[in-house]
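K.L.:
Below, each chain spelled out in residue letters.
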Amino acid sequence: MIPLSWMLALSAVVFVIGVVGVLVRRNALIIFMSIELMLNAVNLSFVAFSRQHGQMDGQIFVFFVMSVAAAEVAVGLAILVAIFRNRETANVDDVHLLKG
Amino acid sequence: MIPVLFFAFAALLVGCSLMVILHRNPVTSALFLVLAFCSLAGIYLLLHAEFLAMVQVIVYAGAIMVLFLFVVMYLNLKRDVEHGVHIALRRGAGWILGALLLTEGFWLFGRHWAAGPASPHEALSAPVGNTEAIGQVLYRRYLFPFEITSILLLVAMVGAVVIAKGRGPHVGRTPSPGAATAPPAGPQEPA
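Going down the list, the sequences are from chains Z and B. What the first sequence shows, in this note's numbering, is residues 1 to 100, in sequence order. What the second sequence shows, in this note's numbering, is residues 1001 to 1191, in sequence order.
Isolated chain Z (complex conformation) (with noise of 0.2 angstroms):
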């Protein structure tokens, strides 16, 4: 069987993944995609602790994960093409109207 260390390096590296595709790219497409990256980091660990406890909770944790990601997604991804359609620009270096 797989020890449930084994389950939670492998969360914790694809999450970091996730994390540094935030911090270092600058295509707001790609920050998305690595946002998703660190929701699913987090859904294996749910899913492996509810497996180590005998209990559902974990997986039904997993389902709502599940349908918020998609609902943000969309909005998000909405949010995208509307500036992207005012700005002609994916970069959220260029998107800086709030910056003092």
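Hints in this document: simulated from the structure, not taken from any laboratory. Some hints could be false.
[As the list claims (entries may be wrong)] Simulated restraints on C-beta separations:
(1) Z/97 to B/1007: 46 to 52 angstroms
(2) B/1140 to Z/91: 43 to 49 angstroms
(3) B/1066 to Z/64: 17 to 23 angstroms
(4) Z/54 to B/1073: 40 to 46 angstroms
(5) Z/1 to B/1155: 39 to 45 angstroms
(6) Z/79 to B/1137: 32 to 38 angstroms
(7) B/1090 to Z/1: 40 to 46 angstroms
(8) B/1145 to Z/98: 29 to 35 angstroms
(9) B/1003 to Z/79: 24 to 30 angstroms
(10) B/1008 to Z/54: 22 to 28 angstroms
(11) B/1103 to Z/57: 38 to 44 angstroms
[Stated by the list, open to error] What the simulated footprint calls covered on chain B by chain Z, stretch by stretch (three residues with Cβ under 8 angstroms from a Cβ of chain Z suffice, anywhere in the stretch; the number is not a length):
(12) 1003-1013
(13) 1034-1040
(14) 1049-1057
(15) 1060-1066
(16) 1151-1161
No experiment lies behind these values; they were computed from the predicted model shown. Note that beta-carbon positions come from the ideal geometry of N, C-alpha and C, so glycine has one too.
Take the given structure of chain Z and dock chain B to it, following the hints.
P.N.:
Only chain B this time, still in chain Z's reference frame:
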């Protein structure tokens, strides 16, 4: 056999995640993310979470990533070209911070490394399948969050349509170089 499968799926997942954040072309990154989601579904299958594996493929790889690819191709972005010292500095800082975070995580949890297998309760879950077990909990204890999620999805759907549709004379027009100037009539920013 199962550890071999786990290592294969884990290597695929980590490799595809790295390619997502490293590749210049957004379309290639999206396709690598689809492959990462499918390998994660394989890991869910190893954890005996069959329903979640199928939902992962259907919802994440089949709906969310398709939406991503729609938007990527609609925006028609070119390859990311970023040059300059400040870009390289920020990129280096991002990688260093990521390595720091990973080291910190392993050091913090290294002492209390979670012991025990990831699936000890084989006999308990044998009578019911994963889908039925999830259903028994979802529709009894978590019925209220389930219904609220449906309202959340409705709100997201309405919001996405309103934001992406916009107002003014540019409704229905594809992005063009002339769109950079402010359209003459009506507020354009989403309310």
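K.L.:
Take the C-beta atom of residue 1003 of chain B and the C-beta atom of residue 79 of chain Z, compute their distance, and say whether it sits inside 24 to 30 angstroms.
P.N.:
At roughly 43 angstroms between Cβ atoms, residue 79 of chain Z and residue 1003 of chain B fall outside 24 to 30 angstroms, so the hint is violated.
K.L.:
Taking a Cβ-Cβ distance under 8 angstroms as contact, does the segment 1034-1040 of chain B have three or more residues in contact with chain Z?
P.N.:
Coverage by chain Z holds for the segment 1034-1040 of chain B (3 residues, Cβ < 8 angstroms).
K.L.:
Mind taking a look at whether chain Z covers the segment 1003-1013 of chain B? Criterion is 3 or more residues with CB to CB distance under 8 angstroms.
P.N.:
With 4 residues close enough to chain Z, the hint holds.
K.L.:
Honestly, do residue 1 of chain Z and residue 1155 of chain B meet the 39 to 45 angstroms range at C-beta?
P.N.:
holds (42 angstroms)
K.L.:
Between the segment 1151-1161 of chain B and chain Z, are there enough contacts, at least three residues with CB-CB distance under 8 angstroms, for the coverage claim to hold?
P.N.:
Contact hint for the segment 1151-1161 of chain B vs chain Z: holds, 8 residues under 8 angstroms.
K.L.:
Please test the hint of 29 to 35 angstroms on the beta carbon pair from residue 1145 of chain B and residue 98 of chain Z.
P.N.:
holds (34 angstroms)
K.L.:
Can you let me know if the beta-carbon spacing of residue 79 of chain Z and residue 1137 of chain B is within 32 to 38 angstroms?
P.N.:
About 34 angstroms separates the Cβ atoms of residue 79 of chain Z and residue 1137 of chain B, which means 32 to 38 angstroms holds.
K.L.:
Verify the CB-CB distance for residue 54 of chain Z and residue 1073 of chain B against the hinted window 40 to 46 angstroms.
P.N.:
holds (44 angstroms)
K.L.:
Under 8 angstroms between beta-carbons, do enough residues of the segment 1060-1066 of chain B, three at least, approach chain Z for the coverage claim to hold?
P.N.:
It holds: at least three residues are needed, and the segment 1060-1066 of chain B offers 3 whose Cβ sits within less than 8 angstroms of chain Z.
K.L.:
Go ahead and decide if the range 40 to 46 angstroms is satisfied by the Cβ distance of residue 1090 of chain B to residue 1 of chain Z.
P.N.:
holds (42 angstroms)
K.L.:
Okay, residue 1140 of chain B versus residue 91 of chain Z on CB: inside 43 to 49 angstroms?
P.N.:
holds (48 angstroms)
K.L.:
Verify the coverage statement for the segment 1049-1057 of chain B against chain Z, using a C-beta to C-beta distance below 8 angstroms and requiring 3 or more qualifying residues.
P.N.:
Coverage by chain Z holds for the segment 1049-1057 of chain B (5 residues, Cβ < 8 angstroms).
Checked against the numbered hints above, the structure breaks hints 9, 11 and satisfies the rest.
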